[in-house]
Amino acid sequence: MWSVTKLTATALGAALLLLGLVACRNEAQSAEGGGASLTITAPTEGESVTSPVDLTVQVSGTEIGPTSSGNDHFHVYVGDNYEVVTSTQSQVDLPGGEQTIRVVLAQANHEETDVSDSVTVDVTGGGTTGTDQGGYKYGGGGD
Amino acid sequence: MDTSTAAGATERTTLLRNRPAARRLHATVYLLTAFLAFSGVAVSGEGRPSLEDLLGGHETTAASHRWIGFLLIGVLLLVAAVRPVAIGRFIAESVRIRAREINWFKTWPRFVLRPRRNAPSRHEGHFDPGQRAFNLVVVVSFLALAVSGVVMSLPERFTQKAFAVSFDVHVVATVVLVVAVAGHIAIASGVLNPYRGVGRAMHLGGWVRADLARRLWPRWAEAQERDAPLLRVRTSAHGDTDQASDPEGGGSRRCADKELAAATTAATNAAVPEAIA
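Protein sequence lines correspond, in order, to chains A and B.
Position 39, counted from 1, in the first sequence is what the working numbering calls 39; the numbers after and before it change by one each time, with no gaps.
Position 214, counted from 1, in the second sequence is what the working numbering calls 357; the numbers after and before it change by one each time, with no gaps.
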């Protein structure tokens, strides 16, 4: 017969394992985005733009807002740099030349989903010089 | 180290305040908590890339914050499962307060400012009243952080409103915990004169000078000296009873520690120590 201590420890371990499985299952679900979708409506694919460029994202099936509100938000990637954006409209500062802007939908706890979109644009003027700037400055205005 | 050969060498003793298990648990908790505090600040709001880059980026920082949080919860639950009596005693000692011990808080500022002329009001607990208040603040904060953290780690299991409330609770509990821990570190570091040397109760062996213990935890010290004489180490110092210039070292003491450790294990296994752990 197991002692009370062993039984309790086993029960707690099982509870933790179950919690972990629930969390993992939730990560799988959250990776699918829970039915949400997003589309970059501006700029358009192949457009010639000047920096900073106005970024507009159309999203359905979820709400976008600050992380403290419990709403989803975007992770906007340009090359290796990224920025957290809590609005469907923002400004992206880009270096010159051909650049790809990728927007990924993230949950309030910063877990990224599989929901994303990207556009490639030609930055012809006003671009920043460096690429390793540790994150661009984005305008995160209200929704 | 001995610095003089004056006659009438003063005999000093030390008492074992915390055993290795308690010290290991303490170190584990504060290391995990420190990581959680750093990663939480790094990922909060819209993130701080300069801090997040140290942990592998924004998403990695957020993920590690969640999983280290789960790890800390698991460690504390495991301890509660395997040492329920010790945990129960810790809670009981922390919530126990006697009306006359309220005076301790009134006398504490004078004790801190002029320790040689003032002693704190006597209390009867394993922890002094200030420690008890700190313990309760930490326990409540950890509970709030754990519950709110679990809710936030499962956003699809809870409503958006629940996440938002959990976020606010998490932030408030973090601030409260950080303030409490800052005070705890300030005292444990020995920056305040009357607490010089108290940090050794949780590090470097778990021992504390008997004279210091008598001032800070009088009833506990009396019980140790009465019930467990083998827990004392006698070291010879020459004419030095000043806390500020306490040499505290020497190979003879470390050798004595090792010999005593073996005796202590046998003695404490037989006794019913009041020390928690």
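Don't read these hints as lab results, they were simulated from the structure.
For each residue, glycine too, the CB sits at the ideal point set by N, CA and C.
Check each hint, because a few of them may be wrong.
Which residues of chain A face chain B? A partial, calculated answer using Cβ under 10 angstroms [what the hints assert, rightly or not]:
#1 Asn71
#2 Gly79
#3 Asn81
#4 Tyr82
#5 Val84
#6 Val85
#7 Thr88
#8 Asn109
#9 Asp114
#10 Asp117
#11 Ser118
### Task
Kindly indicate which numbered hints from before are broken by the structure, ordering the numbers from low to high.
2, 7, 9, 10 and 11
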